[in-house]
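Position chain X relative to chain C; hints supplied.
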Amino acid sequence: MVSDEKLVEEALSGSELAFGELVARYQERLLRFLLARCRNRADAEDAVQDTFISAYRYLHSYNPRWRFSTWIYRIAIRNASRQPQHDMRALDAFADENAADPLEACIVDSDHENVWLTAKRLLSEEAYAAMWLRYVEDMSIKEIARALDKTQSWTKVTMLRGRRSLSAELGDDPREEARRENYGRI
Amino acid sequence: MDEFERRLKRDAEDIHIEITPEFRERIDASLRGTKRIKAVPDMRTSGINLWWASSLTGLAAAVIVVVLINWNRPVAEPVPVEPVAKRTVPAAIDELQGLSPPRLIKTAEFTTPLEEELARLQADIERARASVRKDIEFSF
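In order, the protein sequence lines correspond to chains C and X. Here the first sequence is numbered in the numbering used here, starting from 1 and rising by one per residue. Here the second sequence is numbered in the numbering used here, starting from 1 and rising by one per residue.
Excised from the complex, chain X in its bound form:
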């Protein structure tokens, strides 16, 4: 403590205050007429508790809603997964290929393109014929 602080303390003590009995009696009388306010629960603690309670309630409600929604929903039967064919050539073909000679297949292979070609040619001829006929009719 330096000199300045000592002087502050000393000068504070030089402030002489006399407490009169009337003043003290006045304080006592006012205290007698004062009702003490009872302690209320700590709002900080109750606030935290309220927060926890509301959070847990909300969580429980959400769980209940999810359970109720899914309770009566029909369970989808598992869709049978067809095995992917490893090969595209039917097994019967193999059997047929084993035959000698594979007449049925060879015949089909040979005739089908020709039949298609024939059909196209006939269609072309028919169109040409119609065109010529139209031209003749137009000329005369």
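Isolated chain C (complex conformation):
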């Protein structure tokens, strides 16, 4: 299997197929990630589309020192944050009260609540993103910090608090509940 970085090289050489392969590899992963940050699926799809357009346009600025996934997630997070509806989320919350959560709509029925739904409810967007990149995308702390444009210390602390909050909420460790109360919403 050709690596992402090799595909980027080929795309920079003018291969449209190479970039198409990158799109195929990341479209589902990005959409799944962005569903938690957008009001609905259409907004998430728009964010994914904008991400690929930005990546295609600025492909020359990709630094091979970092993995391609780090770079594309960095773009995705920025694009999602710039969406106008992102800032209007609080104002539109009342209007969307009856709208289904796009993330919840994509989760198959299970006997327990999906932990990512819990994370979305409990954690801040950045903490959610850090947890996602760590446990789903298997990124290192350094890569997560790069993708989120934060320091490694911030990333470590945020992930630790996020994990404690989730563990306490899920009942894995009752002692964590008290600790989470002190941290509040992270």
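If you are wondering where the hints come from, they were derived from the structure by calculation, not from laboratory data. Certain hints may be false.
[Claimed, not checked] Calculated lysine-lysine pairs in the DSS-like style (CA-CA distance at most 30 Å, straight line): (1) C/K156 - C/K120; (2) X/K9 - C/K142; (3) X/K9 - C/K120; (4) X/K38 - C/K6; (5) X/K38 - C/K142; (6) X/K9 - C/K150; (7) C/K120 - C/K142; (8) C/K150 - C/K6; (9) X/K9 - C/K6; (10) C/K150 - C/K120; (11) C/K6 - X/K35; (12) X/K9 - C/K156; (13) C/K6 - C/K142; (14) X/K38 - C/K150; (15) C/K142 - C/K156.
Just chain X now, kept in the frame of chain C:
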């Protein structure tokens, strides 16, 4: 990997996303209409090069200015340094001292103080005389 991490991974996989052909076609269409921005020179490298170029240019200009300023300046001739006299007594004196008796010197040594003393005395007398004359004129 502990149970918590396994659950995070498992639940992420439970988020089922179906990529519709329309969505993929939309992405492809938008990419077709997008122009790739060509790479621009790395500003960090060019910045360093610019710094070096400007520094060297400035240095060369400073050297040229210094050379031009000093080019036509007349070279000051070295001032001859007179040797410091080791002795203050003219050599002729030595020759004279060798004579016996050194009349000229002895005479000068003897007469000069007396002449000075005489001149002082005459001056004192003259002042006293003027003073007495003034007193007499004042009395009468």
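- Task: Give me the numbers of the hints this structure contradicts, sorted from smallest to largest.
- Result: Every hint satisfied by this model.
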